[in-house]
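Generate the whole structure from the sequences, applying the supplied hints.
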Amino acid sequence: MEERKLDAKLTAFLIVLMVIFGVLLFRLFDLQLLHGRTFQARAEANSSRLLSLPGRRGDILDRYGRVLATSRPVFVVSLNTYGLANQEEVIKRLASLLGNPELTPQSIGELVRLNPRRYEPVEIARLPWGEPESMEVITRLEESREELPGVAISTEPVRYYPYGPLAGHVLGYVGRITKEELQAFADRQYGINDLVGKAGLERLYESYPVGEEDYGLRGQKGMQRIEVDVRNRPVGDPELIIPPAPGTNLVTTLDLRLQQALERSLDETIAAAKRKNAKAGGAAAVVLDVRSGAILAMASRPALNPNDFVDGLSRQEAAYYDDRRLMPYTNRAVQGTYAPGSTFKMITGMAALEAGAITPEFSVTCTGRYWQPPSIKCWDVHGRVDLYRAFAVSCNTFFQHAGYLAGPDAMVAVAREFGLGEKTGARDVTGESAGLLPSPAWKKEVGAAEAKRNAARRREALEERYRLLLAQAKSEEERQRLLRQKGEEEKRLEATYEIEYRFLTQWQPFDTFNMAIGQGANSFTMLQMANYIATLANGGQRWQPYLAQRLVTPEGKVVAEFGPKLVHRVGLKPQTLAAVRRGMRQVTLPGGTAASLFADFPQEIGVAGKTGTAQTGLARDDPREDFHGLFVGFAPFERPEIALAILVEYGESGAGSAAKVAREVFRTYFGLETP
Amino acid sequence: MWWRKQWRNLDLPFLLAAAAILAMSLLVLSSASANVAEDSLFYVKRQLLWIGCGTVLALGVVTVDYRRLGKLAPWLYAATLLMLLAVLAVGSEARGAQRWIGLGPFLFQPSEFAKILVVITLSDFLARRQGQLKRLRDLVPVFVYVGLPMLLIMRQPDLGTSLVLAATSLGMLFMAGANVRLLLWLSGGTVAAACGALLAHFHLGLPLPLEDYQIMRLVVFLDPYADGQGGRGAGYHIIQSLVAIGAGGPFGQGYRRGSQVQLNFLPEHHTDFIFSVVGEEFGFVGAAFLLGLYFLLLYRALLIAAETDNPFGRLIIAGIISMFAFHLLVNVGMTMGIMPITGIPLPLFSYGGSSMLMNMLALGLIVNINLRHRRLLF
Chain A
836 MEERKLDAKL TAFLIVLMVI FGVLLFRLFD LQLLHGRTFQ ARAEANSSRL
886 LSLPGRRGDI LDRYGRVLAT SRPVFVVSLN TYGLANQEEV IKRLASLLGN
936 PELTPQSIGE LVRLNPRRYE PVEIARLPWG EPESMEVITR LEESREELPG
986 VAISTEPVRY YPYGPLAGHV LGYVGRITKE ELQAFADRQY GINDLVGKAG
1036 LERLYESYPV GEEDYGLRGQ KGMQRIEVDV RNRPVGDPEL IIPPAPGTNL
1086 VTTLDLRLQQ ALERSLDETI AAAKRKNAKA GGAAAVVLDV RSGAILAMAS
1136 RPALNPNDFV DGLSRQEAAY YDDRRLMPYT NRAVQGTYAP GSTFKMITGM
1186 AALEAGAITP EFSVTCTGRY WQPPSIKCWD VHGRVDLYRA FAVSCNTFFQ
1236 HAGYLAGPDA MVAVAREFGL GEKTGARDVT GESAGLLPSP AWKKEVGAAE
1286 AKRNAARRRE ALEERYRLLL AQAKSEEERQ RLLRQKGEEE KRLEATYEIE
1336 YRFLTQWQPF DTFNMAIGQG ANSFTMLQMA NYIATLANGG QRWQPYLAQR
1386 LVTPEGKVVA EFGPKLVHRV GLKPQTLAAV RRGMRQVTLP GGTAASLFAD
1436 FPQEIGVAGK TGTAQTGLAR DDPREDFHGL FVGFAPFERP EIALAILVEY
1486 GESGAGSAAK VAREVFRTYF GLETP
Chain B
15 MWWRKQWRNL DLPFLLAAAA ILAMSLLVLS SASANVAEDS LFYVKRQLLW
65 IGCGTVLALG VVTVDYRRLG KLAPWLYAAT LLMLLAVLAV GSEARGAQRW
115 IGLGPFLFQP SEFAKILVVI TLSDFLARRQ GQLKRLRDLV PVFVYVGLPM
165 LLIMRQPDLG TSLVLAATSL GMLFMAGANV RLLLWLSGGT VAAACGALLA
215 HFHLGLPLPL EDYQIMRLVV FLDPYADGQG GRGAGYHIIQ SLVAIGAGGP
265 FGQGYRRGSQ VQLNFLPEHH TDFIFSVVGE EFGFVGAAFL LGLYFLLLYR
315 ALLIAAETDN PFGRLIIAGI ISMFAFHLLV NVGMTMGIMP ITGIPLPLFS
365 YGGSSMLMNM LALGLIVNIN LRHRRLLF
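Sequences listed follow chains A and B, in order. The opening residue of the first sequence carries number 836 in my numbering; numbering runs sequentially from there. The opening residue of the second sequence carries number 15 in my numbering; numbering runs sequentially from there.
Treat the hints with care, since some could be wrong.
Said to hold, decoys possible - Each pair of labels, with its calculated beta carbon distance range: (1) 41(B) <-> 1018(A): 44 to 50 Å; (2) 92(B) <-> 841(A): 49 to 55 Å; (3) 103(B) <-> 1042(A): 35 to 41 Å; (4) 103(B) <-> 1152(A): 48 to 54 Å.
Hints listed in this document are in silico derivations from the structure and should not be mistaken for laboratory results. Predicted model, so just to flag it, every value in this text is computed and none were measured. Ideal placement from N, C-alpha and C gives every residue a C-beta, glycine not left out.
Laid out in structure tokens, this is it:
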């Protein structure tokens, strides 16, 4: 080998290289030998993990402490693929043991692949505690332990509604927190996997701050520290740093038995209605304590089962809840508005009595049609009818005349006294609708807008037509002729507008007749209707409906108590209310529209009510065939305790549908034996 | 074989050092990447494939006399520019930078190849100008020549690779006999200007043509906790890497037992931060051994240059040594918190196809020069 000698330049290179390596080595020496211990301590600290422990969510109870919503343990099957050699096999085996058609080896593989933290286990399935099917699956998994390395089974408290859909719309549901909610509740320390109340009481009472403390349903998370080894396996026992604190229990005004009776009967009635009209399926009902406004039961159909939302909706469930026509999410009792039909007639009667236009003894002769045009037919020929009999047989002729005598303003004033057409302000419900109480002033406003819209449309059509004609005009003479013609037509349009404006904005006699029998633009929620009947029943005290009674800590300390609140005292003569109540009593007595249903009720209970059969007012419905069935009522007649309003969509008639539900509610409330 | 005689010249220590580095890289990679992909050997297999391809490529380079490459220089230079333009036009984007071109199932990173191509073409360029690089105006054409590919790479943006080109050119200019004082003034001046600009940016609000995150990465090593997020932002990498290396202590946590790496506290530990894995799992002994291997490799390259009298060949070796040394200083320095984060890999060690092929190509070139160092042998 030849001699190799570095010349000056290469020596310079060597010196630079030595400096570079010297610096690196020195730094290495500094970090590893001089400060190694410090960094070792830091690395060890990195290997302890803080795990949050879920705090148990507070229960929701009925007025007697019976559980409506609670938490129960659920099995969580998870898979840790970290360091797993035969991952594919394990997944295949796991899928076959789980036996859930939605969890194929592919979908489990996808879950594993999408796991952002490869070294942490990924949740594969949740199985409810105590159900035979899930116990079976868990047993199968435990037996095959050996074939399933990396699979772990743990338990976690999860929301559970023991009665399924019972009061589902009232209770609401919980679901995984969204990004928006995380931001909105930034100061409340939610984690990205937390469940949060999404609707109903679950949402409204998620949090209830009192001073520094939060007495909401949500439990406070605890914290525990576990040490993990290099393979991320826990070493030793976890150390509890902060114990989790359970959430507060919410006692509601609901009565479980009454709610059950109401819903059971609603379901039966809807099933019967469906056999006659395929559109049936919806219903709304509210039962109030007339002495306080407390909501004893409230239901909406189609049902909403809060259990469905705990693990997220399955495809089938999502399809059910997203039905555009039936809209199961809607709480029809507070959000749905319906024409009251004949259940409005108490307002008409009171307006006429109060104005002195009639007395209870005043009578008309019903020939099956009101004599003033443009009248609405009565559903039967009733002959001589006084106020009481008018209620009993729901005579349209009588009430059209009563409405005519009282006038629209008097009817509107009385309806307002009872809170119709405005929100009841009920606490603890969300999205309450105001409904609509038409009045001459309202008609003027709506009608003017409509007349203007129509006029503008006609004007535009005219301009368009003449633009074409003028463009085709062959001579100046013809053009002039067309322009004259157009001027005349414009004048005519102006006249049309005047006539239409007057017609659309002025309260017409038929508006009065429609209002008198609860049709036309009238539409109210069942909550409003129930509250109107409760107010009528208790002699004129309008309470604010409410659902939440108290918040009680798990130790039994009452942290908040909610009571009744009087909103308004009706300014009508007591005799007026009494006369109408007496009329309502006739409805369930022999000769009344709901007599047969309440025939076996003891005298002292005495149900007072009113049936209603209302046109739906929907464009897609046939006004001669599609009717909603309504029933409003209260009992006992002498000393009223509860009031209710029930609506069965496409129930054909009030007596044939809603009244049957009312009967079951009264039976349950008064403890009558079911025949 | 006609070239059998030449193999007697082969510098074995050089090859052994390279082979040892590659072997150690596979060993460390199999620990570092075990929890990155589903198949724990995925990255090892791919890296092995790259090493294989690189060896074939290097052998191919060895068979062709390097002196012929000088004649191809203008074409290679044009190809470099085209490649870099192509990446800006059709390249795919990852983490805010456009560096890759898809080639079938692989992503090809032209800026890596630009490094070795610039070394070859600049060697030719400078070999023609040896002894005529005394004045500043003599250097201007050189700056333009290197400046073009540098600017294109900076556009991607890939600041690290541009800096590699600058450092490489500096070493080659020195080798070509450029005025040393001038070079010192120029490089010192540039560094001072860059520091001054950064200071002015932070204290006086001077706008810089860099994104905020780039500036942050350049300065955060000075105090990794001052990244505006208490060490959870741009400083996170450095902190975790320091903890990993420091926790290695004298003998390391043991192979596949480094908790920082295995529990994923340290991101990118199979690419840019692979030296931290060496430090954590093999300790001072292992890390110093690896640095020793690199030193041996570069020292042997210097010896090969010493016995070569072809200026073109000497320039190539000078370029490659400068490039490797700069990579080592910046990459290893970064993992130990004494250099800015620039995202340049550890040569022959970090996972990455383009970079591995380029480095193998560079080794092949040195062997090529090693085998043909004497004209009289022909």
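Okay, the hints, checked on the actual structure:
no.	hint	result
1	41(B) <-> 1018(A): 44 to 50 Å	holds, 47 Å
2	92(B) <-> 841(A): 49 to 55 Å	violated, 35 Å
3	103(B) <-> 1042(A): 35 to 41 Å	violated, 55 Å
4	103(B) <-> 1152(A): 48 to 54 Å	holds, 50 Å
When held up to the earlier numbered hints, the structure conflicts with 2, 3 and fits the remainder.
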